[in-house]
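Chains A and B, in that order, give the protein sequences.
Residue 452 in full-length UniProt numbering is what sits at position 452 of the first sequence, and the numbering runs on without skipping anything.
Residue 46 in full-length UniProt numbering is what sits at position 46 of the second sequence, and the numbering runs on without skipping anything.
Just to be clear, a hint being listed does not mean it is correct.
No more than 27 Å apart at the CA atoms, straight line, and that leaves these computed lysine-lysine pairs for DSS-like [said to hold, decoys possible]:
| hint | chain 1 | residue 1 | chain 2 | residue 2 |
| --- | --- | --- | --- | --- |
| 1 | A | Lys567 | A | Lys100 |
| 2 | A | Lys490 | B | Lys77 |
| 3 | A | Lys436 | B | Lys10 |
| 4 | A | Lys490 | A | Lys567 |
| 5 | A | Lys490 | B | Lys10 |
| 6 | B | Lys77 | A | Lys567 |
| 7 | A | Lys436 | B | Lys77 |
| 8 | A | Lys567 | B | Lys10 |
Here are some chain A residues pointing at chain B (derived, C-beta under 7 Å) [what the hints assert, rightly or not]:
| hint | residue |
| --- | --- |
| 9 | Ser2 |
| 10 | Ala5 |
| 11 | Met78 |
| 12 | Ala88 |
| 13 | Met89 |
| 14 | Phe163 |
| 15 | Asp240 |
| 16 | Lys244 |
| 17 | Asn246 |
| 18 | Met247 |
| 19 | Val248 |
| 20 | Asn575 |
| 21 | Pro579 |
Simulated from the structure, these hints should not be mistaken for lab results.
These numbers come from a predicted model, not from an experiment.
Backbone N, C-alpha and C fix where the C-beta goes; we use that ideal spot for every residue, glycine too.
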Amino acid sequence: MSQFAINLLFVGGSFALYFGIAIWARAGSTKEFYVAGGGVHPVLNGMATAADWMSAASFISMAGLIAAGGYANSTFLMGWTGGYVLLAMLLAPYLRKFGKFTVPDFIGDRFYSRTARLVAVACLITASVTYVIGQMTGAGVAFSRFLEVDKNTGLMIAAVVVFFYAVLGGMKGITYTQVAQYVVLIIAYTIPAVFISLQLTDSFIPALGLFSTHTESGMPLLQKLDEVVRELGFRDYTADVDNKLNMVLFTLSLMIGTAGLPHVIIRFFTVPKVADARWSAGWALVFIALLYLTAPAVASMARLNLMTTIYPSGPTEQPIEYAERPDWIQTWETTGLIKYEDKNGDGRIQFYNDTPTYEAEATARGWEGNELTVNRDILVLANPEIANLPGWVIGLIAAGGLAAALSTAAGLLLAISSAVSHDVIKGSINPDISDKGELTVARISMFVAIIVATYLGMNPPGFAAQVVALAFGIAAASIFPALMMGIFSKRVNSKGAVAGMLAGLISTLVYIFLFLGWFFIPGTATLANTPDNWLLGISPLSFGAVGAGINFAVAFAVSSMTEEPPKEIQELVENVRYPQGAGNAVDH
Amino acid sequence: MSDHSINAEKYWQANLRLILGSLVIWALASYGCAILLRPMLSGIHIGGTDLGFWFAQQGSILVFIALTFFYAWRMNKLDEEFGLQE
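Here chain A stands alone, though its shape is the one from the complex (with noise of 0.2 Å):
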């Protein structure tokens, strides 16, 4: 069977397999479509959870970011699993609790504010919408590497796709199709890296084979890669970070950024009771584990076979001919991704650190320039071909990589959907529209949010590469704060929230913009991008938590200058803190 025939098969089953459940779970009503009916075992909820988030980032891009940046980018490790504790312990069970649809629903109504409500629901597209694009574009990639269509039409394909499920289930339909993708994701990335593991260390779990013995050379795996990549003029795999304060910060606004963003809340409204979305919270995390506690295995492994394989003999030896490359190599320059230019004509491939510090040493050996550049989302994809693994572990990649892509692209679907028919047709424009009338209209805004994010995908919009900068920028310096305040606060009122959402929002976009360009229009930057610039070496990506501080300070200072909230708002409050009686708020 031909490679192509086994990706079609493994793709193509995977699909069957999510149209089935769609089948079996369309939903009935709001309550349905918004929070699957709120019966999700909290086990199967932390399951959905964990594929909701993992994203085509999680699953393509992250290792590819720790093999590049080594300790300095375990800010990603950190950062998008701490969120979850805060999640856990500051918002799930009270919001649970809360018993309403959306994230703004709430903001909503404990600032007993309009503006309030709109405010979050413009930070949630905002959000959302950003993050969708790279679902759907990485989607489209997934499907161009491995079924041999075109980009767009791959995009239209997974448009369809999850076209079916959303618009028929909703959230009870996403729920059960994320538990199964999320079966397919870990599968499809544990297997490839346990063999990898097993060849280069004696350990068949990854996350121990990172800090066990490299079998061939008896040396650790870690200072090993160490050697091999100093010897050629990169950083240390392991080496510290000078810019302590910008990585605590990194670290912090991913953290409050993940535990802000809104369709990762919303998972937790499915769940019957208050003591399950604390359970689920800790699933959720497992289940991420899983895979984060592989992803720096696979990273470090991934870099350090491309060094040998760049350099059989050792990196103080001659790397190998150009004629003699592996095949894989071969099927990455084919796509562009991995390029090679002969600098010196020698016929080899001379991969190293092109920096002023190593160029003496590259004068020396004849070396006349880098000559390979790979881009480093292929890490995770040509993994199995490194490592030689069979052609059925290829077809499970990509069906691996379009469950990763696809399910968080349904989260987020779902959260622009509901926050537009329950939150501004609902809430604002029409609150007297029947249960049928707004399961019809959250059905049409699905597909509408369907279309749009299927048209930015093809046309990636200049802020679409920005995720981590205005994702998780917005959730963390607007959403988070303002949902943790309404919770722990009774004292802060509806202007202390707005004048604080707005601050911490405005001060992060701002900040972004002066040095990625107003509003990622290229070349309107109005600072170099550098750590020189950067405000106490604050990079723009870390300021999602100084924004967040900023919206908390203005909120107190505004609240305690302007009157107490009323008092069925500090009642609102009291019930949010205590779960008996959670079972009766449900429906409304």
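Could you slot chain B onto chain A? The hints should help.
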């Protein structure tokens, strides 16, 4: 203040203490051991590297899982002790 609200207030204070303690550990594992204290811990070797690196790529995630489950278990028990469970 009624008995009920005194009871509820105690429950909320217990929750806040639990959150505070958990978040201290959360911060110590990630911002502490994995980032700021890494140079101080560099003498402790683990699997070919230092303890700080392990915390950054593995340890902190394990601590996060433990904390989340501990919090769920403890709070669900507190709900019952205070008679505030669903």
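Against the structure, the hints:
no.	hint	verdict
1	Lys567/A - Lys100/A	holds (21 Å)
2	Lys490/A - Lys77/B	holds (25 Å)
3	Lys436/A - Lys10/B	violated (43 Å)
4	Lys490/A - Lys567/A	holds (10 Å)
5	Lys490/A - Lys10/B	holds (16 Å)
6	Lys77/B - Lys567/A	violated (30 Å)
7	Lys436/A - Lys77/B	violated (40 Å)
8	Lys567/A - Lys10/B	holds (21 Å)
9	Ser2	violated (38 Å)
10	Ala5	violated (38 Å)
11	Met78	holds (5 Å)
12	Ala88	holds (5 Å)
13	Met89	holds (5 Å)
14	Phe163	violated (34 Å)
15	Asp240	holds (6 Å)
16	Lys244	holds (6 Å)
17	Asn246	violated (10 Å)
18	Met247	holds (5 Å)
19	Val248	holds (5 Å)
20	Asn575	violated (10 Å)
21	Pro579	holds (5 Å)
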